[in-house]
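Asker: So the sequences go chain by chain: A and B. Quick note: the first sequence, position 105, residue 105 per UniProt numbering, numbers continuous. Quick note: the second sequence, position 26, residue 26 per UniProt numbering, numbers continuous.
Certain hints may be false.
Which copy? The list can't say, so a pair holds if one copy fits it or any two copies do.
[Claimed, not checked] Derived pair list, reagent style DSBU-like, types lysine-lysine, alpha-carbon separation capped at 35 Å: (1) Lys-180 to Lys-27; (2) Lys-180 to Lys-70; (3) Lys-37 to Lys-180; (4) Lys-137 to Lys-180.
It is worth saying that the hints were derived from the structure and are not from the lab.
Each chain, letter by letter, is given below.
2 protein chains.
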Amino acid sequence: MSDPLIALIETIRQIVPLSETDTTLIKSVFQPYRLKKGEYFVQQGQVCQHVGFIHTGLVRYFVNQDGDEKIYDFGLENDFVCDYESFLPQRPCRRTIQAIEESDLLVISLSNLQRLFAQLTHGERFGRVAIEQIFVKTIGQLVSLYTDAPELRYQAFLENYPTLSTRITQYHIASYVGVKPQSLSRIRARWAGKHYSRLSSPE
Amino acid sequence: MSDPLIALIETIRQIVPLSETDTTLIKSVFQPYRLKKGEYFVQQGQVCQHVGFIHTGLVRYFVNQDGDEKIYDFGLENDFVCDYESFLPQRPCRRTIQAIEESDLLVISLSNLQRLFAQLTHGERFGRVAIEQIFVKTIGQLVSLYTDAPELRYQAFLENYPTLSTRITQYHIASYVGVKPQSLSRIRARWAGKHYSRLSSPE
Chain A
1 MSDPLIALIE TIRQIVPLSE TDTTLIKSVF QPYRLKKGEY FVQQGQVCQH
51 VGFIHTGLVR YFVNQDGDEK IYDFGLENDF VCDYESFLPQ RPCRRTIQAI
101 EESDLLVISL SNLQRLFAQL THGERFGRVA IEQIFVKTIG QLVSLYTDAP
151 ELRYQAFLEN YPTLSTRITQ YHIASYVGVK PQSLSRIRAR WAGKHYSRLS
201 SPE
Chain B
1 MSDPLIALIE TIRQIVPLSE TDTTLIKSVF QPYRLKKGEY FVQQGQVCQH
51 VGFIHTGLVR YFVNQDGDEK IYDFGLENDF VCDYESFLPQ RPCRRTIQAI
101 EESDLLVISL SNLQRLFAQL THGERFGRVA IEQIFVKTIG QLVSLYTDAP
151 ELRYQAFLEN YPTLSTRITQ YHIASYVGVK PQSLSRIRAR WAGKHYSRLS
201 SPE
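Only chain A is shown next, with the shape it has when bound in the complex (with noise of 0.2 Å):
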């Protein structure tokens, strides 16, 4: 298994470029930490302390509506993972972040990512660019969920995790997709079929 400091210096110079006193300082700053299958990296109501990088594992974000659990995204192998909407005014968390698998992590706290941002050469610029991807990304997901029909959300589902879905329950994906367990098994029949029209059409 590859060294996860490793996987997140190569993750953060795909934003800007790191010199050796860069990676010293990022080797410096962020520790490792461990969710088991079931553990929350950060609950509902509690102040979300760390930006962590995931190294292996998985995670789900979940809103609670009506007592019942909505999930907007996954966090995977090599994504970042953080509620900022509690991280960066430190105040409570209105979302949940679950482990689904025991999950390796690096995690960093807010401090020393303001130093991060203060000290890396490009510092700033990476801080910039990061948080922009993560807010398009975020936002893509909690307006998908009032704006697309749940057969554009399964569509989305299976073109951004491709390899999820032997890793995650159907409770999950139905819950990811906006239906019931039941619907989800209609609209996997009727995307099976029209897969099937379309690759066996003569045009």
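Got chain A sorted already, so can you dock chain B onto it with the hints?
Answerer: What follows is chain B alone, placed relative to chain A:
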């Protein structure tokens, strides 16, 4: 009426210090833009081409949910306005931003904004902090649409927009709160009652 450029520069200066060269650059990359009442800053399906700074006026942000317009935010004087989910990756909007009042803006294109991030003394820091603030606010507005009961959303409306209730229609307030206009009247009556009881309470 004050100079919109002075208001813009003061707003940016609340985030980062600005030199004289910085303010000259800011003046050169923003253009005046007027929206008539009812005109769109950007419509669902279009690509958002600008970030705007609202000097005077008022806009609403809404998503279309099964044919219903759901207002989730307003933009007022001294706010930045943009659909970042469309603007940053330059893909079609899933939301609409429309002027409720005639609005005078200063707008900047994506290429000029990137110039600003690169060339202002603390341009990257400005970009990071500004996008963090907008991210936290936008996520909050969207999550609130799901998780908060109408009473709580009405309370948040009064707190976040204390001067707005005389500038917008009952329809707009009801859409923001997430109820039909007739339900809003009942919420307002209950709210007024509670408020009165609290004021006249003997403790």
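Asker: Please go over all the hints and tell whether each is borne out by the structure.
Answerer: Results of checking the hints against the structure:
1. Lys-180 to Lys-27: Classified as neither; 44 Å inside a copy, 54 Å across copies.
2. Lys-180 to Lys-70: both (11 Å within a copy, 24 Å between copies)
3. Lys-37 to Lys-180: within (24 Å within a copy, 42 Å between copies)
4. Lys-137 to Lys-180: both (25 Å within a copy, 31 Å between copies)
Checked against the numbered hints above, the structure breaks only hint 1 and satisfies the rest.
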